[in-house]
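Participant: Once you have looked at the hints, place chain B on chain A.
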Amino acid sequence: MSQLTAPPKTDAPAGAMPNSYATGRLPRFVPWTILGGSFIIMIAVFALFASADPEGGFNAPGTVFLSVVLYGIVIYFVARMIEGPRRAKDRLVTTLVTLAFVIALLPLVSLLSTVVLNGTARLDVTFFTNSMRNVVGEGGGALHAITGTLLMTGAAAIISIPIGLLTSIYLVEYGRGRLAQAITFFVDVMTGIPSIVAGLFAYTLFVIIFGPGIRLGIAGAIALAVLMIPVVVRSSEEMLRLVPNELREAAFALGVPKWLVVLKVVLPTSIAGLTTGIMLSISRVIGETAPLLVAAGYTNNMNYDLLEGRMQSLPVFVYSSYVSQGTEAQAYLDRAWTGALTLILIVMALNLLARFIARAFSPKLSR
Amino acid sequence: MTAPATTALIPAKQRPGDRIFSGSALVAGSLILAVLAAVAAFLVLQSVPAVTTDPEDISILRGENLLEYVWPLVFGTLWSATIALILAVPVAIGIALFISHYAPRRLAQGLGYVIDLLAAVPSVVFGLWGGNVLAPAVQPFYTWLEQNFGWFPLFAGPASGTGRTILTASVVLAVMILPIITAICREVFLQTPVLHEEAALALGATRWEMIRMAVLPFGRAGIVSAAMLGLGRALGETMAVAMVLSASGGVTFNLISSSNPSTIAANIALSFPEAYGVNVNVLIATGLILFAITLLVNTIARIVVNRRKDFSGAN
Numbered sequence: 001m002s003q004l005t006a007p008p009k010t011d012a013p014a015g016a017m018p019n020s021y022a023t024g025r026l027p028r029f030v031p032w033t034i035l036g037g038s039f040i041i042m043i044a045v046f047a048l049f050a051s052a053d054p055e056g057g058f059n060a061p062g063t064v065f066l067s068v069v070l071y072g073i074v075i076y077f078v079a080r081m082i083e084g085p086r087r088a089k090d091r092l093v094t095t096l097v098t099l100a101f102v103i104a105l106l107p108l109v110s111l112l113s114t115v116v117l118n119g120t121a122r123l124d125v126t127f128f129t130n131s132m133r134n135v136v137g138e139g140g141g142a143l144h145a146i147t148g149t150l151l152m153t154g155a156a157a158i159i160s161i162p163i164g165l166l167t168s169i170y171l172v173e174y175g176r177g178r179l180a181q182a183i184t185f186f187v188d189v190m191t192g193i194p195s196i197v198a199g200l201f202a203y204t205l206f207v208i209i210f211g212p213g214i215r216l217g218i219a220g221a222i223a224l225a226v227l228m229i230p231v232v233v234r235s236s237e238e239m240l241r242l243v244p245n246e247l248r249e250a251a252f253a254l255g256v257p258k259w260l261v262v263l264k265v266v267l268p269t270s271i272a273g274l275t276t277g278i279m280l281s282i283s284r285v286i287g288e289t290a291p292l293l294v295a296a297g298y299t300n301n302m303n304y305d306l307l308e309g310r311m312q313s314l315p316v317f318v319y320s321s322y323v324s325q326g327t328e329a330q331a332y333l334d335r336a337w338t339g340a341l342t343l344i345l346i347v348m349a350l351n352l353l354a355r356f357i358a359r360a361f362s363p364k365l366s367r
Numbered sequence: 001m002t003a004p005a006t007t008a009l010i011p012a013k014q015r016p017g018d019r020i021f022s023g024s025a026l027v028a029g030s031l032i033l034a035v036l037a038a039v040a041a042f043l044v045l046q047s048v049p050a051v052t053t054d055p056e057d058i059s060i061l062r063g064e065n066l067l068e069y070v071w072p073l074v075f076g077t078l079w080s081a082t083i084a085l086i087l088a089v090p091v092a093i094g095i096a097l098f099i100s101h102y103a104p105r106r107l108a109q110g111l112g113y114v115i116d117l118l119a120a121v122p123s124v125v126f127g128l129w130g131g132n133v134l135a136p137a138v139q140p141f142y143t144w145l146e147q148n149f150g151w152f153p154l155f156a157g158p159a160s161g162t163g164r165t166i167l168t169a170s171v172v173l174a175v176m177i178l179p180i181i182t183a184i185c186r187e188v189f190l191q192t193p194v195l196h197e198e199a200a201l202a203l204g205a206t207r208w209e210m211i212r213m214a215v216l217p218f219g220r221a222g223i224v225s226a227a228m229l230g231l232g233r234a235l236g237e238t239m240a241v242a243m244v245l246s247a248s249g250g251v252t253f254n255l256i257s258s259s260n261p262s263t264i265a266a267n268i269a270l271s272f273p274e275a276y277g278v279n280v281n282v283l284i285a286t287g288l289i290l291f292a293i294t295l296l297v298n299t300i301a302r303i304v305v306n307r308r309k310d311f312s313g314a315n
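Chains A and B, in that order, give the protein sequences. Note that full-length UniProt numbering gives residue 51 to position 51 of the first sequence, counting from 1, and the numbers run on in steps of one. Note that full-length UniProt numbering gives residue 136 to position 136 of the second sequence, counting from 1, and the numbers run on in steps of one.
Take these hints with a grain of salt, some might be off.
Unchecked claim - Where chain A lies over chain B, by a calculated footprint (3+ residues, C-beta under 8 Å):
#1 69-77
#2 216-224
#3 273-284
Unchecked claim - Simulated DEER-style distance windows between Cβ atoms:
#4 A/325 <-> B/150: 32 to 40 Å
#5 A/253 <-> B/14: 13 to 21 Å
#6 A/61 <-> B/67: 19 to 27 Å
The set of hints was computed from the structure by calculation and includes no laboratory data. For each residue, glycine too, the CB sits at the ideal point set by N, CA and C.
Just chain A, with the same shape it has in the complex:
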């Protein structure tokens, strides 16, 4: 077997090959060698740039990206010379597909690292025990926003869980014909409502009742519910359809009325999946900003009453501290980053908990 080195420098195979099946194929270590080589070259190049311009610093995303690009070019030509154009194309596509994944990872890594780095600056006790009342520069906290988020999301959940669950029960157990089809279709359409339109809807609803300029916590809750209901319906519907039909038939054969079959057989069987779906839907609406900005407004004060006055929420807190930076801009930015970190932590916790519930408590279906 001929020795291959990293750049496109190849020796023609000399003499008889020991294994005829391996002819015309690159040995396994070659792609990895080329990948390592291109990384080393790019790190060297970017290190030169970094030393030339000390303020710029080392550009890690650029290094990773250009290394993979260099690898793709080199492997294509190496493979073309030894393996022929078809396999070379195959290797090129493999590189491109992997590159796509790397491209998606770059913003995720950059986003999470900046949020964690900047967010820890104000991650202290004051942040979770104080509101922003009478705070101009440094200090202050987001207790009022966290309270508002929990109250409004809770209210939205109380509104949308019964409606969503009953609708999915209707679709799976009762629904026949035109109405069921229409509901399925419009639930799908409803998942696509822009969040700000849901906020405008909740606002207009209360304007018609109370007159213009009204901002209420409950309006924010209704806007969130409009966004949450279709998600709950879709996920619960899928879970209810997973319940084996034999269970229902066995219960019917014992003479159990239909509503008790649903209540005592279908729902307990799918309870883990339903809980997971509901938690995921909560984690989706808890980060919504636009509808709350429009329907619930923002305030610096604590407000426990959904039916009275403006109510702050964590996403809107992040937004308003970012947009209206006061005289000490850094203090506002720090609070915004810490709010963002708190928000991400809440959403991640809900997601992980939901996945844990799904894995730990779901009935073992033979699939």
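Facilitator: Chain B only, in chain A's frame:
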């Protein structure tokens, strides 16, 4: 899945519990239709004053009529969403292929979770990141584009000094719609009949030829509908655009200059808190237009999906 067929032949005894339960389920289902109708009705109702009032009396219009005010916003919405889609779809297809056909089986599910993490990040955090991290990072690149590709109308410049251009906003939008497109494409690619794939490989096709001949033709409808759903999401996305873009209004195709069209959703978010009187109705009217556009896009996507019923669960 459905009730036993015998119930159609011999009507079961109707107990009060049955009637209450099925009745409430029916009411809940109908309530969804009612809510959707109410959204449309209330928005129309509140939009009426924006059309009937004399444009001279509405301060937010600055002397223009309603159409002149809305058109740049509609353009900005469509333009930013289109760029986001062009950026996101190839990457999303690549990631979906990577997870479904390239990654080692054991890693595949974990990698899928990693992409789902992107979907879990709230939009306001994306906005914060786009405005504070991404925009300064890409600004030198825009200057370079202007110097080297200034002859190309999209990069005509002068390059924005802050980097908060419509291209930056579209990149953030593309990152945000990536997970939804990836998720649907992945489901569709995984549903390719294994026999088709094995037949292609048995005929001597390389992995890429197998994907081109078996996987992509099978998943074409799924890819189209995934792109449409992503488009719907990008059209309605508010905070990322509001926090990243420094909008100046007007219609321009220039991607990197400091004069950028705003989008409907971002304009509402920025103007609504200070709006009063008929201005509010004007903003609601723009919201109605956004609602109509997304409804249209989503309906087309759903019709495409429902034609291949197998994919309808994929969201």
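Participant: Each hint should be assessed against the structure and marked as holding or not.
Facilitator: Structure-based check of all given hints:
Note: the region 69-77 of chain B has 0 residues with beta-carbon separation from chain A under 8 Å; the three-residue rule is not met and the coverage is violated. By the rule of at least three residues with a Cβ nearer than 8 Å to a Cβ of chain A, the coverage given for the region 216-224 of chain B is violated, with 0 such residues. For the region 273-284 of chain B, the assignment as covered by chain A holds, since 6 residues bring a beta-carbon within under 8 Å of that chain's beta-carbons and 3 suffice. Distance hint check for residue 325 of chain A and residue 150 of chain B: the Cβ-Cβ separation is about 34 Å, which falls inside the suggested range of 32 to 40 Å.
Hint check: residue 253 of chain A to residue 14 of chain B, Cβ distance near 19 Å, so the stated range 13 to 21 Å holds. At roughly 43 Å, the beta carbons of residue 61 of chain A and residue 67 of chain B sit outside the given window of 19 to 27 Å.
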